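Chain order of the listed sequences is F and C.
Numbering of the first sequence is given in the working numbering, commencing with residue 1 and proceeding in unit increments.
Numbering of the second sequence is given in the working numbering, commencing with residue 256 and proceeding in unit increments.
No wet-lab data here; the hints were simulated from the structure.
Fair warning: this is a prediction, and the values are worked out from it, not measured in the lab.
Beta carbons: idealized from backbone N, C-alpha and C, even for Gly.
Treat each hint with caution, since some may be false.
To be verified - To be clear about the criterion: a stretch of chain F counts as covered by chain C if any three or more of its residues have a C-beta under 8 Å from a C-beta of chain C, and this derived list gives those stretches:
1. 69–80
2. 147–156
3. 191–205
As the list claims (entries may be wrong) - If you only want the chain F side, here are some residues facing chain C, beta carbon under 8 Å, derived:
4. E32
5. Y38
6. W116
7. F143
8. S170
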Amino acid sequence: MRHPGRMGIFFVGAAAVAALYAMSTMRLPGPEDLRGQYMRIINSECVAARHVTDAVTAVNFDYRGFDTLGEEFILFVSVMGALVLLRQTDVKPGTPAPDALSPGRAVGASDALRVWILGMTGPTVLFGIYTVIHGQLTPGGGFQGGVILATAPLLMYLAESFDIFRRITSHRLVETAEAIGAGAYGVIGLLAIFKGREFMTNVFPLGKGGSDVNLFSGGTIPVINLAVGIEVTAGFVLLLYAFLQEMLERKEAAP
Amino acid sequence: MIVMQIAILAIVAASGGAVVFTRRPGEQVVGASFFGLMLALMFFIFQAPDVALSQLVIGAVALPLMVLLAIAKTRSTQMQQDREREQQRNKEREHGRGGGTGGNFASPDDAGAPADARQPPGRPREAR
């Protein structure tokens, strides 16, 4: 496997790639003299036209909302695929966490870790909710906040056991939440059609604008963010559930 | 500002290289998590906080977790297969001792089995 000349050959190749890459990017314009107008138009328009202060969220969920709908369903379908592949079976309650590096050994959490997690779970949930609902005002949004929220049950699993994880995340509820989150995005897009506008048009009242923007500014943007937040949270919890269950089930089956 | 940009680019390059050159998957995951964290910091320094947040939660939390779970799953599957093979061997051995009709195709020290398959179950196996 290990050949003395192997690294030498790699470094020659890597040096060549680095040189070519440097040559090709040498003449690229800096961020100051970009010629594209899209960025400037969005930056100058979105506060006045959409009553949101985070231009990235405005692009993601309004101007290019249709693209994000596609992304959302990519996530939805991937979670579905993973759940179909990972078989569902029952696990005995009170199973401790297996050590990832040597699954034969069961590890319990130390007291220090449990106290730390106990203190950090509340702030994690709060920060996740904050990130989801402030998506149109500050950096963040449904995707980011959703993943943060999904780490809360995971923290519980790390501190306690899979049993606790299963008890605080009702499987049926999580599955329903994922479907509702994914469906709500499409339904919000369809509402515009019932009003005689194009699909995904921002038809909700925009709320306060200018320097008074608040949680309810932005029309459909905060609503879509909320739907995406629910969908991503539920999707990640389902993924974690399926993975942990599959792993523990294998361990349980062993004598 | 330009100093910070150059510094973070160098750190990202170094930690990315470190991930590639790490041999053991378990250690590689920790390295990859650190690499994800540094990427998030890089996005932040280059004034893309939205992307930085996504990178932070995906690259530093979700991806290492999934990789770690996948490693654990493959290892436990492997351990179970080893164990089943050993049980099979024991059964054949007993059968051979009792009736003697089954043929003696599984000798007590099966040369074909990997060395660590004979480890008693429950004992932690060395990370490879």
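Hints versus structure:
no. : hint    : in the structure
1   : 69–80   : violated (count 0)
2   : 147–156 : holds (count 4)
3   : 191–205 : violated (count 0)
4   : E32     : 12 Å, violated
5   : Y38     : 16 Å, violated
6   : W116    : 16 Å, violated
7   : F143    : 6 Å, holds
8   : S170    : 22 Å, violated
The earlier numbered hints that this structure contradicts are 1, 3, 4, 5, 6 and 8.
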